[in-house]
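Asks: Quick note, the sequences are listed as chains X and F, same order.
FYI, the UniProt record's numbering numbers position 86 of the first sequence as 86, with every residue one higher than the one before it.
FYI, the UniProt record's numbering numbers position 126 of the second sequence as 126, with every residue one higher than the one before it.
Keep in mind that the hints were calculated from the coordinates and are not lab data.
Derived DEER-like restraints, expressed as beta-carbon distance ranges:
hint: 1; chain 1: X; residue 1: Q75; chain 2: F; residue 2: D80; range: 29 to 39 Å
hint: 2; chain 1: F; residue 1: A123; chain 2: X; residue 2: N124; range: 21 to 31 Å
hint: 3; chain 1: X; residue 1: H121; chain 2: F; residue 2: D128; range: 15 to 25 Å
hint: 4; chain 1: X; residue 1: V110; chain 2: F; residue 2: D8; range: 44 to 54 Å
One-sided and incomplete, this derived list gives chain F residues near chain X with beta-carbon spacing under 7 Å:
hint: 5; residue: A123
hint: 6; residue: V131
hint: 7; residue: D139
hint: 8; residue: F141
hint: 9; residue: P143
hint: 10; residue: G145
hint: 11; residue: Q158
hint: 12; residue: R159
hint: 13; residue: P261
In silico contact screen, one side only, chain F against chain X (beta carbon under 10 Å); selected entries:
hint: 14; residue: G124
hint: 15; residue: G150
hint: 16; residue: A154
hint: 17; residue: A157
hint: 18; residue: E163
hint: 19; residue: L206
hint: 20; residue: G257
hint: 21; residue: L263
hint: 22; residue: I268
We treat Cβ as the ideally placed atom computed from N, Cα and C, and that holds for glycine.
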Amino acid sequence: MKNENRVLPVTTDPDTAPFWAAAREERLVIKYCEECDRPIHLPRAYCPVCRRRSDVWRDASGSGRVYSWTIVEHQVHPGYPTPYTSVLVELADHRSVRLLGSLPGRVPLVGGEPVQVWFEHLENVTIPQWRLVEAGGA
Amino acid sequence: MTDTWKPDTTAIVGIGATDFSRESGRSALTLAAEATLAALADAGLEPSHVDGIVRCDMDEVPPVALGDAIGVANLEYWGDVGPGGSAPCAMIIQAMAAITAGLATTVVAFRSINGRSGQRYGAGYARDVRVGGRSAFEDYFLPFGMQTPGQYFATVAQRHMIEYGTDEQTLGRIALACRRHANANPAAQMHGRTMTMDDYELSRMLTTPLRLFDFCLETDGACAVVVTSIERARDLRQTPALIHSAAQAGGHDAQPGQMFPALLREDITTWSSTDVATILYRRGGVRPADVDVAQIYDCFTITTLIQIEDYGFCAKGEAKDFIGDGTLQVGGALPINTSGGHLSEGYVHGMNHVVESVRQVRGTSTNQVADAELSLVTSAPTTGGSALLLVAG
Ligand SMILES: [Zn+2]
Numbered sequence: 001m002k003n004e005n006r007v008l009p010v011t012t013d014p015d016t017a018p019f020w021a022a023a024r025e026e027r028l029v030i031k032y033c034e035e036c037d038r039p040i041h042l043p044r045a046y047c048p049v050c051r052r053r054s055d056v057w058r059d060a061s062g063s064g065r066v067y068s069w070t071i072v073e074h075q076v077h078p079g080y081p082t083p084y085t086s087v088l089v090e091l092a093d094h095r096s097v098r099l100l101g102s103l104p105g106r107v108p109l110v111g112g113e114p115v116q117v118w119f120e121h122l123e124n125v126t127i128p129q130w131r132l133v134e135a136g137g138a
Numbered sequence: 001m002t003d004t005w006k007p008d009t010t011a012i013v014g015i016g017a018t019d020f021s022r023e024s025g026r027s028a029l030t031l032a033a034e035a036t037l038a039a040l041a042d043a044g045l046e047p048s049h050v051d052g053i054v055r056c057d058m059d060e061v062p063p064v065a066l067g068d069a070i071g072v073a074n075l076e077y078w079g080d081v082g083p084g085g086s087a088p089c090a091m092i093i094q095a096m097a098a099i100t101a102g103l104a105t106t107v108v109a110f111r112s113i114n115g116r117s118g119q120r121y122g123a124g125y126a127r128d129v130r131v132g133g134r135s136a137f138e139d140y141f142l143p144f145g146m147q148t149p150g151q152y153f154a155t156v157a158q159r160h161m162i163e164y165g166t167d168e169q170t171l172g173r174i175a176l177a178c179r180r181h182a183n184a185n186p187a188a189q190m191h192g193r194t195m196t197m198d199d200y201e202l203s204r205m206l207t208t209p210l211r212l213f214d215f216c217l218e219t220d221g222a223c224a225v226v227v228t229s230i231e232r233a234r235d236l237r238q239t240p241a242l243i244h245s246a247a248q249a250g251g252h253d254a255q256p257g258q259m260f261p262a263l264l265r266e267d268i269t270t271w272s273s274t275d276v277a278t279i280l281y282r283r284g285g286v287r288p289a290d291v292d293v294a295q296i297y298d299c300f301t302i303t304t305l306i307q308i309e310d311y312g313f314c315a316k317g318e319a320k321d322f323i324g325d326g327t328l329q330v331g332g333a334l335p336i337n338t339s340g341g342h343l344s345e346g347y348v349h350g351m352n353h354v355v356e357s358v359r360q361v362r363g364t365s366t367n368q369v370a371d372a373e374l375s376l377v378t379s380a381p382t383t384g385g386s387a388l389l390l391v392a393g
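Full structure from sequences and hints, please.
Replies: Listed below in structure tokens is the structure:
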């Protein structure tokens with residue numbers, strides 16, 4: 001897919017670069033505090049609980065659940081044609097960790113509905129996205 | 001935690017506003033000067049009396065530039081209090097802090113914005129740029145199409161509906177109350193433009209579940225107020241609006257950035273407003289039931305709904321039971337946004353709410369609440385909040 005008009009992430013920021021580097025390898029990673037064994041999400045240098053400085057990233061399962069969403073009808077950006085459904089996903093293995101995703105069209109969602117990560121490869125960056133887990137499917 | 005808060009030691013003594021429009025034809029600096037000169041005239045003061053200026057850090061106009069523009073020769077104090085919507089009450093708090101610390105005697109707080117003809121917040125943040133870094137974590141949101149305040153607040157509203165069964169009609173009643181009040185306020189952009197629940201429900205869906213009439217009015221305009229000590233206030237032209245209580249709070253689990261990262265808080269339908277409310281009521285020695293009239297930050301209807309719960313006017317999740325027809329209108333249990341608010345008067349980033357709150361304790365609102373003694377004004381999300389309780393001096 002071409003990058004034209006899409007909003008793309010900076011992948012060289014010291015706090016977030018490992019997330020985007022892992023995405024290029026089709027891995028979803030979350031930062032952890034080694035001491036507390038809890039996620040530091042969004043990823044920052046210090047654990048807000050124990051103040052330990054951490055550089056530990058762990059693979060997430062890639063399974064999630066729909067926490068909330070909005071169906072965008074009013075287009076504000078040329079790279080994001082409407083309608084699309086912006087979904088807020090909580091990770092199945094770490095419910096305190098949430099990530100965004102974008103689904104084309106008006107998707108009739110239900111709170112708690114299972115979703116699975118997939119990786120959208122653009123020219124120079126890979127974006128972790130989410131799709132509904134079909135009934136009876138994986 | 002205890003503090004040494006002393007109620008009613010400072011006051012708002014002057015209020016000023018420009019017209020609210022879609023195209024002011026003036027610079028933000030001109031608007032700021034116009035509102036400030038109006039506030040000083042209202043108080044019976046001259047620019048030479050001003051020695052402090054406070055603004056929010058999203059304003060285009062630096063304090064020193066405003067001082068220079070209106071001929072303030074002895075500016076000895078200025079401050080920035082953080083981003084837009086959470087700032088207006090905090091600006092008054094900073095003015096008050098400067099005064100009580102002896103750093104200034106007469107402080108102007110202002111907000112000036114060409115929010116319609118200039119940069120529109122509703123237009124989104126990025127065009128063909130890379131986002132992220134700068135400790136704002138925009139890279140976790142904007143690439144996925146989560147790009148505007150409307151989309152953010154819609155996602156919060158959807159979650160409130162999932163958790164509590166909140167319905168769109170409750171949001172509609174908030175919009176209707178604001179519109180009704182704007183209809184009686186000649187300065188409001190929606191003066192004379194009535195709205196029914198049918199109009200609300202038929203309005204264009206912009207980002208589910210929020211419709212056109214759930215959104216505030218992008219506006220050009222400015223508001224300013226003058227703060228001074230109670231001793232000086234007694235000698236001035238107007239009945240002072242005493243600052244009975246004041247509070248700021250960031251809440252726990254705040255997350256970084258200005259807006260989108262708040263979607264990752266443990267609970268996205270309870271805000272730092274709850275922390276603000278706790279401090280505010282404790283310092284004021286009052287309860288929610290004591291509030292006679294409230295100006296509640298309303299960039300969107302859902303913003304107000306959540307704060308009605310956070311400030312304790314009903315329990316969390318029960319807004320749909322509390323807000324009936326007329327509840328929020330003058331004569332109802334909790335009259336809110338009596339100038340029309342952001343939804344129907346204009347969006348001056350919460351500063352018009354401070355101005356209207358002062359009018360209520362003076363008894364000069366175009367939608368005056370009878371016997372209004374305790375007036376709440378809130379400045380809200382998403383990074384943190386602030387609020388004031390005003391009483392007539
Ligand atoms: Zn830790």
